[in-house]
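Put the two chains together into one complex; each comes in its own frame, and the hints tell you how they fit.
Single-letter residue listing:
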Amino acid sequence: MKKYNYFLLIFLLINSLIGLIEAQQFPKSKNLSEFMRKSKTTDIVYINDTVIYLMNKSPLEVFSGYKDLYASFNLPQPPNLPWMPYGARVNLHAAYHVTWFIRDCMLYLGDIEIQNAGICDYKSFFPNNEQYPLMEELTNVKFDKKYPLPSNSRPWPYHNPTGMMPATWFNDTILIKISTTQYLGGQGRLRPVYCSDFNDTIWFKLPAPPIKLDKWKKIPSEELVFKNGRLISRKTTDIY
Amino acid sequence: MKKLTKKSLDELANSMSIISDAEQMCYNGGTYVYNSAGTYLGYRGTGSDVVIASSLYATQFDSISVADDQTILNVLNTIARGIGINGTIGLTHANDNRFAEMDSTTGKISINAYSELLSSNNYYDYLSILQHEKYHQMTIGYSTTWEQNEYQAFIHQINDSSFQNVSVFLRDYTIDNYNNLHNSQSYY
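Residue numbers (my numbering), protein chains in the order written: chain G, 1 to 240; chain A, 1 to 188.
Derived by calculation from the structure, the hints in this document are not laboratory data.
Predicted model only: the values in this text are computed from it and were never measured.
It is possible that part of the hints are untrue.
To be verified - Okay, the calculated beta carbon distance ranges per label pair:
hint : chain 1 : residue 1 : chain 2 : residue 2 : range
1    : G       : Ile239    : A       : Gln60     : 50 to 56 Å
2    : A       : Gln164    : G       : Glu137    : 51 to 57 Å
3    : G       : Thr168    : A       : Asp69     : 39 to 45 Å
4    : A       : Ile155    : G       : Pro150    : 40 to 46 Å
5    : G       : Glu136    : A       : Gly87     : 40 to 46 Å
6    : A       : Val168    : G       : Ile239    : 38 to 44 Å
7    : A       : Asp62     : G       : Asn152    : 54 to 60 Å
8    : A       : Ser104    : G       : Asn74     : 15 to 21 Å
9    : G       : Asp172    : A       : Ser104    : 35 to 41 Å
10   : G       : Ser124    : A       : Gln148    : 32 to 38 Å
11   : G       : Pro133    : A       : Ile83     : 43 to 49 Å
Stated by the list, open to error - Calculated Cβ distances over 12 Å to all of chain A for the following chain G residues:
hint : residue
12   : Leu13
13   : Leu17
14   : Val62
15   : Leu134
16   : Leu138
17   : Lys146
18   : Tyr147
19   : Asn199
Said to hold, decoys possible - Here are the computed lysine-lysine pairs in the DSS-like style, where the Cα-Cα straight-line distance is at most 30 Å:
hint : chain 1 : residue 1 : chain 2 : residue 2
20   : G       : Lys227    : G       : Lys38
21   : G       : Lys67     : A       : Lys108
22   : G       : Lys67     : G       : Lys227
23   : G       : Lys205    : A       : Lys108
24   : G       : Lys227    : G       : Lys212
25   : G       : Lys38     : G       : Lys215
26   : G       : Lys123    : G       : Lys38
27   : G       : Lys215    : A       : Lys108
28   : G       : Lys123    : A       : Lys108
Each residue gets a CB set at the ideal place from its N, CA and C atoms; glycine is no exception.
Bound-form chain A, shown alone (with noise of 0.2 Å):
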């Protein structure tokens, strides 16, 4: 039989991996909070989740990922706000997995409220996603094509610091769909 023995926290210390301050931000959780209105009421532990909740420090919060339609519209028109995109932020409901797009005769910006960037709950990912969306609204009449605004926009979005923090899934797929356009100028 294999003797158990206990390590000292040099050993441990040893032995373990070492978690980085981004990845410590991860486990440790924490919370960007805001009111059904959109109001963002404060910031609270260390993470990058989205609750709604009716004060900074209510026991009762729910995830804005399951949160009704206006709700979500509401803090995601904060958000928008914050980094300066023109007009208001528009939901969809489409069927193909898209988790953004905007309308280029409108300037309208909409987010899929059927997509896995929902499910995601992250802060990070909804602000990449948005500083993504807003170099195309910036870019509107450029004389430049589609899929060349599309890796400039990937450049915007992976430039913004709001990318150190976005999920691991939403970081390999934006890194993918860059590497995708950089090398054959098409998402293929």
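Just chain G, with the same shape it has in the complex (with noise of 0.2 Å):
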């Protein structure tokens, strides 16, 4: 009897230490995404040239050095953490990112943008469009004026002054959430912003307010699957 005892006292020991330690721990959380926790890209992929959707990974990864393609253009260092929306865009540190473009199945690279200079002030960077030239050679294929960039999916013009890049090179599995904030045409009346980059006013409409959260969070990623970039298969997973 006195044995059981011994036993009965470790094992009660053994209890409230662990739940002792459980105590001294963040609590499990119940809002997280579990989308946005994989994600390890700042990258964006257009559907249908319209809706903005996450990407958990950038069809550059098969590139080893893309994240450091233009170093040498000292490109300003996003802040820490600016107030930005849950599940607007991955809220990652990069000196720059892609917007991606699926159009009839066909994964493209539409243009480059730095992550932390406002959208008119490109030229200061890249006063001859250099980052062009630079992503050619890193995927060895060309910009191309047979797929130009949408003219309705955002309200200020694209820099990229020729057409698309096929991501022919791209055999893989991406996930894809929709972003809580798309622009769809946006909001209110036009606004006048001059721009230097285009040497122009650019008349754009606010972004409409964001997807509600409680929405979103139910809204399932997708996964998606390429073959020399051909969306070869679509499905819904069960991540969120």
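Structure follows, in structure tokens:
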């Protein structure tokens, strides 16, 4: 009997120790998005030229050194944590990100965006659009006028002066989840902003209010499978 | 055919939902009035929107969300001075929907002119976000991680009285960002 009492005492001691350790830890989150935790890129992809999706990895990952492609251009470093609505973008440190497009089941590299520069100030870093030939060197694929960028996906023009680059090197699977913020024509009256890069005044509408978070969290991510840049499978996942 | 009947006020009072003071402020509408130089002209009605006009009761006025950059800057700087922010506010044109940021080397606070924050046209939204960034400015050089500093900035923002009247979307997103930092010390 005494032996069983010892076992019981040891069991209770271990149990209370586990309880004490658990109490010291942060509680498990009820709100986190599994997709956001998995995502390792600030790249975005437009589907049908209009709807913005977040991505879990960049199709450029297959090229070593792609993150430092523009290291010699002294691109501005982003602030540590800008105030950004959850789910709008993946809030990671990156000097630049890529805007991708999926059009007619083909993945295209649409434009190259400086993460922490005003959208009208790219010329001060790339006065001769140096970002595009360097990207062509990296991927060994050309930007092509045959694949024009859409004119209505966002309120300001793209910097890419030619056309998009088909991502023919890409043979992989990515996860995507819709962004909480979409332009989709924006809201309100047009507002004028002089844009030095285009030497012109741009008229644009402000973005519509973000998707309500409760609704957004219930939207599953999707798995896209590509072969030579062509989308061969698209299915809903249980990753939210 | 259903017979239509009138309800007495007492019956209506029992069946209709009760609207809080805060909700009434939103429904009634009201205006913080500034001129284009950013001078605060006064307040009329009840509510929280911000307009640009030549005088407090001018019949011609425009929402700040469609004003030019300089006017927006002037108004934001007046609001920022009112809460003791150091230096001048900047305006960025970032393409990633960030609302605001603070440069940790210069202490400069900037608001993104292309974000939903500006679309909201809500005085308390601007005030609340500026309070958040003010906390970062006040704590430059503190030996905490950026995540910890961000967490504390959200606590500062939520504790400020302006948070009582922010728009629903800003309230939701603030609480969610806060929760994520609270639970996992990250935004994710």
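Status of the hints after comparison with the structure:
In this structure, Ile239 (chain G) and Gln60 (chain A) meet the distance hint of 50 to 56 Å, their C-beta atoms being roughly 52 Å apart. Between Gln164 (chain A) and Glu137 (chain G) the beta carbons are some 55 Å apart, a value that agrees with the proposed interval 51 to 57 Å. Look at Thr168 (chain G) against Asp69 (chain A): about 41 Å separates their beta carbons, and that is inside 39 to 45 Å. Between Ile155 (chain A) and Pro150 (chain G) the Cβ separation comes to about 42 Å, which falls inside the hinted range of 40 to 46 Å.
Distance hint check: the CB atoms of Glu136 (chain G) and Gly87 (chain A) are about 42 Å apart, consistent with the given range 40 to 46 Å. For Val168 (chain A) paired with Ile239 (chain G), a C-beta distance near 27 Å fails the hint of 38 to 44 Å. A C-beta distance of roughly 26 Å is found between Asp62 (chain A) and Asn152 (chain G), which places it outside the suggested range of 54 to 60 Å. For the hinted restraint 15 to 21 Å between Ser104 (chain A) and Asn74 (chain G), the CB-CB distance of approximately 18 Å keeps it satisfied.
Between Asp172 (chain G) and Ser104 (chain A) the beta carbons are some 36 Å apart, a value that agrees with the proposed interval 35 to 41 Å. Between Ser124 (chain G) and Gln148 (chain A) the beta carbon distance is about 34 Å. The supplied range of 32 to 38 Å therefore holds. Checked against the given bound of 43 to 49 Å, the beta carbons of Pro133 (chain G) and Ile83 (chain A), roughly 48 Å apart, stay inside it. Distance check for Leu13 (chain G) against chain A: the nearest CB is about 29 Å away, which clears 12 Å, and the non-interface claim stands.
Look at Leu17 (chain G): its CB is around 24 Å from the nearest CB on chain A, clear of 12 Å, so calling it non-interface holds up. Separation of Val62 (chain G) from chain A is adequate, the least Cβ-Cβ distance of about 24 Å exceeding the 12 Å criterion. For Leu134 (chain G), the condition that its CB be more than 12 Å from all CB atoms of chain A holds, with the nearest at approximately 20 Å. Chain A leaves Leu138 (chain G) outside its interface by the beta-carbon criterion, the shortest separation being 22 Å against a cut-off of 12 Å.
Interface exclusion of Lys146 (chain G) from chain A stands, the closest Cβ pair being 26 Å apart, more than 12 Å. With a minimum CB-CB distance of about 21 Å to chain A, Tyr147 (chain G) clears the 12 Å threshold, and the non-interface call stands. Listed as outside the interface, Asn199 (chain G) is consistent with that label: its C-beta sits roughly 16 Å from the nearest C-beta of chain A, beyond the 12 Å cut-off. With a CA separation close to 22 Å, the supplied pair Lys227 (chain G) and Lys38 (chain G) stays within the 30 Å bound.
Proximity of Lys67 (chain G) to Lys108 (chain A) is assessed by CA-CA distance (about 27 Å); at most 30 Å being required, the pair is judged to hold. With a CA separation close to 23 Å, the supplied pair Lys67 (chain G) and Lys227 (chain G) stays within the 30 Å bound. About 27 Å separates the Cα atoms of Lys205 (chain G) and Lys108 (chain A), which keeps this hinted pair within 30 Å; it holds. Taking the CA atoms of Lys227 (chain G) and Lys212 (chain G), the gap is about 34 Å. The hint is violated against a cut of 30 Å.
For the suggested pair Lys38 (chain G) and Lys215 (chain G), the alpha carbons sit about 20 Å apart, so the restraint of at most 30 Å is met. As the CA atoms of Lys123 (chain G) and Lys38 (chain G) are separated by approximately 33 Å, the hinted pair breaks the 30 Å bound. At most 30 Å may separate the alpha-carbon atoms for a hinted pair to count; Lys215 (chain G) and Lys108 (chain A) exceed this at roughly 35 Å. A hinted pair counts as satisfied when its Cα atoms are at most 30 Å apart, and Lys123 (chain G) with Lys108 (chain A) qualifies at roughly 23 Å.
Hint compliance for this structure: hints 6, 7, 24, 26, 27 are not met, and every other hint is.
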